[in-house]
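Trainee: Sequence:
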Amino acid sequence: MATTNTARKTSVRCDESLRLLQALRGIGEDRGGVVELHGDPGSGKTRLLSLLMAAAETQGVRVLDGRCQPTEQDAFGVFTRALGDLLTPRALARLDPVHAELIRTHLCVPRDHAVAPPPPLPFSRAVHALLADAAGEGLLLVLDDFHRADPKALELVDHLVRRPLGAPVLVVIAQRSRQADPSLLGTLAYGAEQGRVARVALGPIDPEQAARLLNVRPDTGWLRSAYQESQGNILDLLVLGEAAPLRSSLTADLVTGPLAPLAAELESLDPVERLVAECAAALGDRFTREELADVCELPFDQVCAAVSGLVRLDILRPLPHSATQFVFRQPVLRALTHERTDRCRRRQAHRRALAVLNRRAASAAERAVHIELSTGAFTPEDLETLALAGKETTLSAPEDAIRWLLLALRGLAPGDRSPGRLLGLIPPLARAFQAAGLLDDEASLHLLAHDAGVRPDEARHAVIRICVLVECLHGRFAEADALLRTELARVGSAADTDLLARLTVFRGILSSLCSDGELATHASAALRLARTGGRATTLAGALSLHALAEMTAGRTAGALAAYDAAVRQMDELPDSELRLHTEYFALLGACALALGRPQEAESRYARGLAVSAGHYPDAMLPALYGGLAEAQLRQGRLEGALRSAAEAADLAGHLGADRLRAYAMAQEALAVTYGEPPGSSRASARTEEALRVLHHWHDSWHSLAVLTIAETLLLQGRQERCLDLLLDQGAPDFGALNPPRRARAYELLALASASSGARAAIWAERASRVMEDCPLPHSRAYALFARGHALSQQNDWTAAIIAYRKAERLFDGAQLRLQSLRAAVRSAEAASSGRRLEEARELWSAARELADQWHMALFAQPPSGGFPEDSQEADRALAPSSPAGQDADLASLTRRELEVARLVGTGRRTREVAEKLRVSPRTIEVHLARIYRKLEIGSRAELAGLMAVRISTDARRSRY
Numbered sequence: 019m020a021t022t023n024t025a026r027k028t029s030v031r032c033d034e035s036l037r038l039l040q041a042l043r044g045i046g047e048d049r050g051g052v053v054e055l056h057g058d059p060g061s062g063k064t065r066l067l068s069l070l071m072a073a074a075e076t077q078g079v080r081v082l083d084g085r086c087q088p089t090e091q092d093a094f095g096v097f098t099r100a101l102g103d104l105l106t107p108r109a110l111a112r113l114d115p116v117h118a119e120l121i122r123t124h125l126c127v128p129r130d131h132a133v134a135p136p137p138p139l140p141f142s143r144a145v146h147a148l149l150a151d152a153a154g155e156g157l158l159l160v161l162d163d164f165h166r167a168d169p170k171a172l173e174l175v176d177h178l179v180r181r182p183l184g185a186p187v188l189v190v191i192a193q194r195s196r197q198a199d200p201s202l203l204g205t206l207a208y209g210a211e212q213g214r215v216a217r218v219a220l221g222p223i224d225p226e227q228a229a230r231l232l233n234v235r236p237d238t239g240w241l242r243s244a245y246q247e248s249q250g251n252i253l254d255l256l257v258l259g260e261a262a263p264l265r266s267s268l269t270a271d272l273v274t275g276p277l278a279p280l281a282a283e284l285e286s287l288d289p290v291e292r293l294v295a296e297c298a299a300a301l302g303d304r305f306t307r308e309e310l311a312d313v314c315e316l317p318f319d320q321v322c323a324a325v326s327g328l329v330r331l332d333i334l335r336p337l338p339h340s341a342t343q344f345v346f347r348q349p350v351l352r353a354l355t356h357e358r359t360d361r362c363r364r365r366q367a368h369r370r371a372l373a374v375l376n377r378r379a380a381s382a383a384e385r386a387v388h389i390e391l392s393t394g395a396f397t398p399e400d401l402e403t404l405a406l407a408g409k410e411t412t413l414s415a416p417e418d419a420i421r422w423l424l425l426a427l428r429g430l431a432p433g434d435r436s437p438g439r440l441l442g443l444i445p446p447l448a449r450a451f452q453a454a455g456l457l458d459d460e461a462s463l464h465l466l467a468h469d470a471g472v473r474p475d476e477a478r479h480a481v482i483r484i485c486v487l488v489e490c491l492h493g494r495f496a497e498a499d500a501l502l503r504t505e506l507a508r509v510g511s512a513a514d515t516d517l518l519a520r521l522t523v524f525r526g527i528l529s530s531l532c533s534d535g536e537l538a539t540h541a542s543a544a545l546r547l548a549r550t551g552g553r554a555t556t557l558a559g560a561l562s563l564h565a566l567a568e569m570t571a572g573r574t575a576g577a578l579a580a581y582d583a584a585v586r587q588m589d590e591l592p593d594s595e596l597r598l599h600t601e602y603f604a605l606l607g608a609c610a611l612a613l614g615r616p617q618e619a620e621s622r623y624a625r626g627l628a629v630s631a632g633h634y635p636d637a638m639l640p641a642l643y644g645g646l647a648e649a650q651l652r653q654g655r656l657e658g659a660l661r662s663a664a665e666a667a668d669l670a671g672h673l674g675a676d677r678l679r680a681y682a683m684a685q686e687a688l689a690v691t692y693g694e695p696p697g698s699s700r701a702s703a704r705t706e707e708a709l710r711v712l713h714h715w716h717d718s719w720h721s722l723a724v725l726t727i728a729e730t731l732l733l734q735g736r737q738e739r740c741l742d743l744l745l746d747q748g749a750p751d752f753g754a755l756n757p758p759r760r761a762r763a764y765e766l767l768a769l770a771s772a773s774s775g776a777r778a779a780i781w782a783e784r785a786s787r788v789m790e791d792c793p794l795p796h797s798r799a800y801a802l803f804a805r806g807h808a809l810s811q812q813n814d815w816t817a818a819i820i821a822y823r824k825a826e827r828l829f830d831g832a833q834l835r836l837q838s839l840r841a842a843v844r845s846a847e848a849a850s851s852g853r854r855l856e857e858a859r860e861l862w863s864a865a866r867e868l869a870d871q872w873h874m875a876l877f878a879q880p881p882s883g884g885f886p887e888d889s890q891e892a893d894r895a896l897a898p899s900s901p902a903g904q905d906a907d908l909a910s911l912t913r914r915e916l917e918v919a920r921l922v923g924t925g926r927r928t929r930e931v932a933e934k935l936r937v938s939p940r941t942i943e944v945h946l947a948r949i950y951r952k953l954e955i956g957s958r959a960e961l962a963g964l965m966a967v968r969i970s971t972d973a974r975r976s977r978y
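Heads up: the sequence shown is residues 19 to 978, going by the numbering used here.
Be a bit skeptical, because a hint or two may be false.
DMTMM-like mimics (lysine to aspartate or glutamate), calculated; alpha carbons at most 25 Å apart, straight line [claimed, not checked]:
no. : residue 1 : residue 2
1   : 934       : 870
2   : 952       : 746
3   : 934       : 746
4   : 824       : 791
5   : 170       : 288
6   : 952       : 930
7   : 170       : 151
8   : 170       : 83
9   : 824       : 856
10  : 170       : 211
11  : 170       : 332
12  : 934       : 915
13  : 934       : 867
14  : 170       : 199
15  : 170       : 48
16  : 934       : 618
17  : 170       : 114
18  : 170       : 283
19  : 824       : 618
20  : 824       : 790
21  : 952       : 917
22  : 934       : 814
23  : 170       : 103
24  : 952       : 915
25  : 170       : 224
26  : 170       : 47
27  : 824       : 814
28  : 170       : 119
29  : 934       : 960
30  : 170       : 226
31  : 934       : 742
32  : 170       : 155
33  : 170       : 237
34  : 934       : 707
It is worth saying that the hints were derived from the structure and are not from the lab.
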């Protein structure tokens, strides 16, 4: 933000300069006058006066100037300094002797002793005569900071205003109206009314003038915020223009340069006023007398007197529209006061100010300032406030946010540096870097790199990586793509092939998440670049992405070849070279899962977590834990999967990654459902929690969450809810899913349809088509599984058993133990339904043995309450049962009637059911009347008993 001095040699106040120059031209026409130049401190009065005096000297006009001092002891000191060049013996000899004596006594003689004040009128006439005598070809008299003038000097100016000189003498009086004596303001107002005083007011400059002042373009990013902060004050703008990002204090050059006049004002304060001003500077932008008394630790009356004095001096001002609060007249004055306060006293003031702001319930950002400046050893409460302040100011004050978040990261004690706490600070830090435009600032990037333990040459890529990951985790895929496009355009001219390849890999990852159809294009480009000039690490990532693209396109052979090449490449790399590329482990793990190799996927995710361990918090952690949970689930390792999913959900929550958190919660629900007995309330509660956080998103994590929850619902006997969920996801095409996931979705749809009375064959046929396009073992297994569901619905039990047994073997070969066990149980169920009792018992015994081995309590009981002992018992089991509780009568109910029966059967009242279904209570009563008639029952109690039997049966029959 540094500016040059080129624009400061002239004033940006063109209109005001023109008016002053017009008054100066009057001297050439043998006319004089008085000009009042007034404005707030820092508005540019001194600069305009300098330009005016330079112009006068150029025209041959004699220039005299004087400035009133803050601690002026001599009533006429300003005139003594201004008129000193005129007070020569020769000049005094030309005056009337009385006038000469008055001037000699009160303007020339050094007064080391008290001198009686001169009579006002004779003395004014003497000065009047001195100026008229010296006018010659023209005279410019400049009196600066005249608001500090002594009352006797004010009387002299009143005479000059009321009695024109009649000579080419221009008197310019510069003053601050807020600090001026009322008599001076009255004199100048009277002169303006009489046409004897030309008034030039200096208000705030406009944004265009601010740009010229700082020698920058009007659309410069930081100019708008600097203009708003300065409120158009020139001095404030110059200070802000010199400030650098993340610099929290004024530089020595500023204090001794542009701010020197303000420093002189502060030096003129008495000790109590100085202390109150310093405590006010520590308190913040606004404060009350009571707060100042607490911070200063002075009596309230003494503080009130000091505040009144500071208001008279225009150091402090009452806050507009407030009777109790005060502010510094300008931010830069507060900053200067703060900078010049003794360091120890300043720290103590900030700690006391923090206590005041805590009582005021101030915002975290207000309190963070005092925490930062009061100590170097932070309490846990301090760190929480710094982190919260950083998150609150990410967009409004990104430089402050960066500073506070980095302090929070550094301040965490080793025992508190949990991944969750650390990761919670990463998204706001990444957003702040983007909002502050610091991605091109090497100093800031190196600062972050030092904290993260990253080499300086990797700093930019590390920050870009974090920013892209955060945008992806938050589902802001368009923003992530825009960031990558910008970076690719920047790098393109540098011809850094390796960096181009890495960025293109990231674009491919983005495409795989949002399913934009560009995955294959990006994967091919990344692989070409990586092979041309990429590092070994980049080539591993490009190969992994290429494998995923081939798999998504259904090109199994190409996917297998690319995956094997990526594995070889990755295994040759040391962990140290992969610290900033843990997303490659996630890519490789996803490929392994898609290829039906969960054990290999687990090893990839586990290595990625190991590489991240002990280093700066990695935004990939929740994705890695989620992938690990998926790999463990598919292998039937429920306890490990539950731990990994819980960790993923916790970390995703800290990061604000809602999509990934929903997926992890779905994994938890599925693991609990398999590990708990049928009807588990814990499993139901976990499922409902997962459903509550699931929204209508469109990305890969959402698709995985939907498939996982759908399987959970089926296992719990909630077929219709499962069906609705899958149909909302994108059936019948499931274009956003890769082939193995599509096959899994069709299998779940087939089972849900068969269990709810809908046609399952259509989904089994679609699963078979996927198998033809992607002939991987687990894709074939899902297709056979779906075919078994359709055959079971058609009562073709022999063919169903064959399909289920083939699916079981294929699942087992692909290490998909959960699906293998589901297929085994379905085989037993089909054998039982087909009256092949001995085979059913054998199949169930084998399935039960596997369930016990893998600790899956869901299959603790045989399906449908057990297997008949003989054919007669089987006939009874398959025969139509009595009206009170059997499916034959329930089949006569419509879908809406069955829904009403289920809700009423759980004990809900009519009004509650009506609210649930969004209909009137009268409609529910009509449905109940029909239900009672069809089921031949007469009360809610009978209906509750009937539905309890139905729900229990559904849970057992349909959980596979």
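Trainee: Which of the numbered hints are not met once you compare them with the structure shown?
Mentor: 1, 2, 13, 15, 16, 22, 25, 26, 30, 32 and 33
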